[in-house]
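There are 2 protein chains.
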Amino acid sequence: MRLPPDARRRVRIERITPEIDAGRWPAKRILGDPFRVEVDLVCDGHESVAGVLLYRPTGTTAWDEVRLEPLVNDRWHGTFELSQLGWWQYTVEAWTDEFATWRKLLDKKLEARQDVSLELQVGSEIVAQAARRASAQAGPELERVARILRSTRTARDTKIDAATDERLRELMAAYPDRSRSTWHDVVLEVRVDRPKARFSSWYELFPRSTTGSGNHGTFRDVESVLPYVASMGFDVVYFPPIHPIGTSHRKGRNNALVAEDGDPGSPWAIGDKTGGHKAVHPELGTLVDFRRLVAKAKDYGLEVALDAAFQTSPDHPYVTAHPEWFKKRPDGTIQYAENPPKKYEDIYPFDFDSRDWRGLWRELHSIFLFWIEQGVRLFRVDNPHTKPLRFWEWCIRDIQTRHPDVVFLAEAFTRPKLMYALAKAGFSQSYTYFTWRNTSRELTEYLQELTETDVGEFFRPNLWPNTPDILPEHLQFGGRAAFIARFVLAATLSSSYGIYGPAFELMAHVARPGSEEYLDNEKYEIKRWNLEDPNSLRPIITRVNRARRECAALQGNVNLRFHKTDNDQLLCFSKQTLDGQDSVIVVVNLDFYHRQSGWVELDLDALGMDSQETFQIHDLIAEARYLWRGPRNYVELEPQLVPAHVFQVRRFVQREQDFDYYA
Amino acid sequence: MRLPPDARRRVRIERITPEIDAGRWPAKRILGDPFRVEVDLVCDGHESVAGVLLYRPTGTTAWDEVRLEPLVNDRWHGTFELSQLGWWQYTVEAWTDEFATWRKLLDKKLEARQDVSLELQVGSEIVAQAARRASAQAGPELERVARILRSTRTARDTKIDAATDERLRELMAAYPDRSRSTWHDVVLEVRVDRPKARFSSWYELFPRSTTGSGNHGTFRDVESVLPYVASMGFDVVYFPPIHPIGTSHRKGRNNALVAEDGDPGSPWAIGDKTGGHKAVHPELGTLVDFRRLVAKAKDYGLEVALDAAFQTSPDHPYVTAHPEWFKKRPDGTIQYAENPPKKYEDIYPFDFDSRDWRGLWRELHSIFLFWIEQGVRLFRVDNPHTKPLRFWEWCIRDIQTRHPDVVFLAEAFTRPKLMYALAKAGFSQSYTYFTWRNTSRELTEYLQELTETDVGEFFRPNLWPNTPDILPEHLQFGGRAAFIARFVLAATLSSSYGIYGPAFELMAHVARPGSEEYLDNEKYEIKRWNLEDPNSLRPIITRVNRARRECAALQGNVNLRFHKTDNDQLLCFSKQTLDGQDSVIVVVNLDFYHRQSGWVELDLDALGMDSQETFQIHDLIAEARYLWRGPRNYVELEPQLVPAHVFQVRRFVQREQDFDYYA
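Taken in order, these protein sequences are the chains called D and G.
The numbering used here puts the first sequence at residues 1 to 663.
The numbering used here puts the second sequence at residues 1 to 663.
Derived from the structure by calculation, the hints contain no laboratory data.
Take the hints with a grain of salt, since some may be wrong.
Note: identical chains are not told apart, hence a pair may lie in one copy or across any two.
As the list claims (entries may be wrong) - Quick list of in silico lysine-lysine cross-link-like pairs, DSS-like style, CA-CA up to 27 angstroms: (1) K343 with K104; (2) K296 with K109; (3) K104 with K298; (4) K342 with K196; (5) K104 with K327; (6) K273 with K343.
Small disclaimer: the values here were computed from a predicted structure and weren't measured.
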């Protein structure tokens, strides 16, 4: 009968969190985050157990460790700081703690006033063994205690004092016997990004529409609108593809099958004879202009994000240089994109089943490297769900290994499991279904799924009230109130959000009838936007973005909590920093047509507040201040004014000295 | 740049259920069970996917497979039958289904009335490739279809008929291209036990108390009470240890430190000079007598369960033959069991940290084999939580490999995680906290944890209203109503339960003051039980056990559901077989002193019933029948009569012919 090799390892390590799909995928965190790990340590009998959380930057060999501390019900926790970008590995080691077990028994016997002379001798041996494991300094100290415990000439009370000394407990914990410890089967990983991966405010604009005159804009023209974008408080300016646009099968205005003379074509029909994914559209300028724009943006606190749309126009140089990267139809033509009855003759998808898939993967990977060379560190990836998950996993990992500060946003609107699979594969942020979640219940359930489940470990939502592809119905008909409400929801429900502007702040709301597509869509034409429109939402956007910068609570999603209201049209939620120092309460009127009022029932426990506590709430939009007390508080929101409150909570804290002051 | 070896495998396999701790532990099922596996298959793009559930008895090499069928949201399921005892392995393989993807596109184009001539050519090639993979019979059939699809002389409609033929779909599904399939990383396991592991009714009795006269009973005397036990409907008769009892430090009546002359000692103080764990107490008889008893019991439909208590009296032969198996104290004495202030000088625990732990493990393992030789297949293991988990995992696996029909019941009352860890390690059934769960809420939450979570996959509860160690407070003071209510709860909440008799049915209820210990505990003395006592609960026990045999719903726990009542003292729950053919509704009055009445609000959806449906409920205890309709129904229970209903549901089923009849 074969005995198991791990027969004598007694502690079981179970239910580590975070652990995504049994450790197949890394959790995600931000530089400087304290990383908290929890785990069940289960051991037979009445043994005391001890353990450590082991951690190291991936690629290094030596483990650092921090002692696990007990919670309740055999659950333990440990925390370390993620002090550098990249990936970190972590796992858990645990063992039975002979000294602690012995101390427990000794204490019980002392309490029961039983004879402990034999126990003291047993303890002497345990301490002597630790002395042999200990450092040159601690060893003799432990040996001295061991001698006291076994000495026949020392008084019982002296021995007991020595045995129960706190210093001894510390020394014994520092030199445990780990020869029969258990390691968790799996080394887990956490991905550490720079802060922008979690907290970012995106502004999407078409560079060619920046002249205001209807002429094709250039990167220089984009420079001129940077102050406008920055003044609203955005920190990312994202451009649809800036590459040459194909002419074959170019789409006209409103997606017309045939383009008119002068129609600029869709920026997503990438490539013409002048170049493809590594070239700049000649009418926008040059690579030099682009790099200058990136630098200028930086001066305004804006980071440029590019669109990575891995598909080509029929005129892309790849089509002739690498015909094997595309699917051929039996008649010898290349298969264009289609979703019957729709045909996209101006777009060729890549064939990832190509014989030369290796060449294709390497080339696509090199596109990121190329733009990284130009100073770009943010990529919005177009339709990543139509490319193999394994490709993204490989590509993102490699890029981020070379450039740990690169952030990828997945623009996938697809099946839920695939959305999550992309995030697991490495995307730093993800588009969401927010755009189509309208009611209190829909928003609550969806955001709870994103933030209160495992999903929160790997999927960072980026909420968009609109995109060039989506003008949702509520914006078509809900008027200014809808725009403001949806904006506040996006900017406060999630620490990352974005708008497609200036269409958004100028409240463009006319759709092709019966659709969620913009009429006269900017994808197919150059727009003239009046940035000085007095009706623009610019002021309120500016105020909300300022609130986001000022309130640390709005810069993460972990403590998002929804609170009951007695009126279904009023959505109330709060956010809080992990340390509890900053709390924000948001109330939004989801009825864009009528005033709604009601009582919110705050879950004060979740906010770490007392049911008797009076606190000030400061509306960061309207700049009003109110005093609230207890859980039930009245709210009234008039959509024709501002349909939302964003309250920062200011608590009156009782200090030891009994002075009241604002925290 | 290294490309990943699995680059071209596109389907992700996620969230397989059942999967316990990432596959570390087997799920548990019963012989003949259909084994249903669910899994997420996630693939990029718009590819159709297909997959199989692979399975085989552990130890064999060839996989059997069954095709996975889609549910919703990328979830799939497959089922196979567990047709033999032992362990089965299972895993999932999945791939992109080129033909199904192509059919989807073809259908869309046909619907959009687009030209499909090129698609038919593409399809021809896909079918021709399958022909090369297919059997000698199917190959030519597929080749013929391929020819039709590419023929230039065949009419379009003929081709389309050929392409969309159901037979073709079946053939193509039968010969998929699995060259780029994905396998789940882990081969999972399920343990298959005989039915008794799930459905069992235990009766614990002390063999020595079977004379009725106060004289020491023998196995022959036990034979004489078998008809009594069997007549109540039990199917397991379980004995505390039947081995020689030590005399050193023997405990007297009521756990007295010093035994009087004639005190029989605790059966758990195992071993004297005549033998230990492989010997029979001389006063009970011989091994021959024991084997005869096992056979007799079988004649009565009873299976004998033995107690495996791995500890010794100071007189056990092991103590001299293997002193290294025990912990020595510094004064040279052997460490007895203790939990200060309590001392158990009559009991020596084994030292699993012994130098000769290998010898100890092997010897304990051989004890099971010894009793298996004598015909025993059920073991109740005493305090398994004080022995290493790894020991049980090894020991149970080995024993069940040799004897697949052996069932182990874990008698552990310890921390929740350790209870579960023992079940994962291999115990077939487990004692529970039921004994201390009293209120509606306590019972509901606990049973939901046991049956509605992952726990149900590996932990089979065995509910005991009393044991020789536990006379819970409600039985001390609740009178007959408490005994009946707790009995009905145990016997219906779980498919396995047990009582310590005749103490239970004779309602022994006097405890040592302030404790949950029986006064004059049978552990330390021979009892005289009057089995003919007219107040015995025997009749109602008999009725409830008959209901358990007649109602398949009571023979499993998967579909346990709790239903709301408007009276907290009324607990209502239902059970149903997986096929929905048998349903039982139980209502128990948890107030043992007063009549309680109220309305139950049945979750008819959970029972697969219509809110307008009239159905008969047949009380299997009182033999009364009622008609109920809809979810709200009135119940009144008088504790002085019978404090519980056990209703079998009889539905009036509308047949096609419009005749009403009883299902």
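Checked hints:
1. K343 with K104: between (75 angstroms within a copy, 16 angstroms between copies)
2. K296 with K109: neither (74 angstroms within a copy, 49 angstroms between copies)
3. K104 with K298: So K104 and K298 fail the 27 angstroms test inside a copy (61 angstroms) and across (48 angstroms) alike.
4. K342 with K196: neither (37 angstroms within a copy, 61 angstroms between copies)
5. K104 with K327: Classified as between: cross-chain Cα gap 18 angstroms, same-chain 72 angstroms, threshold 27 angstroms.
6. K273 with K343: Within. Shortest intra-copy distance 23 angstroms satisfies the 27 angstroms Cα cut-off; inter-copy 92 angstroms does not.
Checked against the numbered hints given earlier, this structure breaks hints 2, 3, 4; the rest are met.
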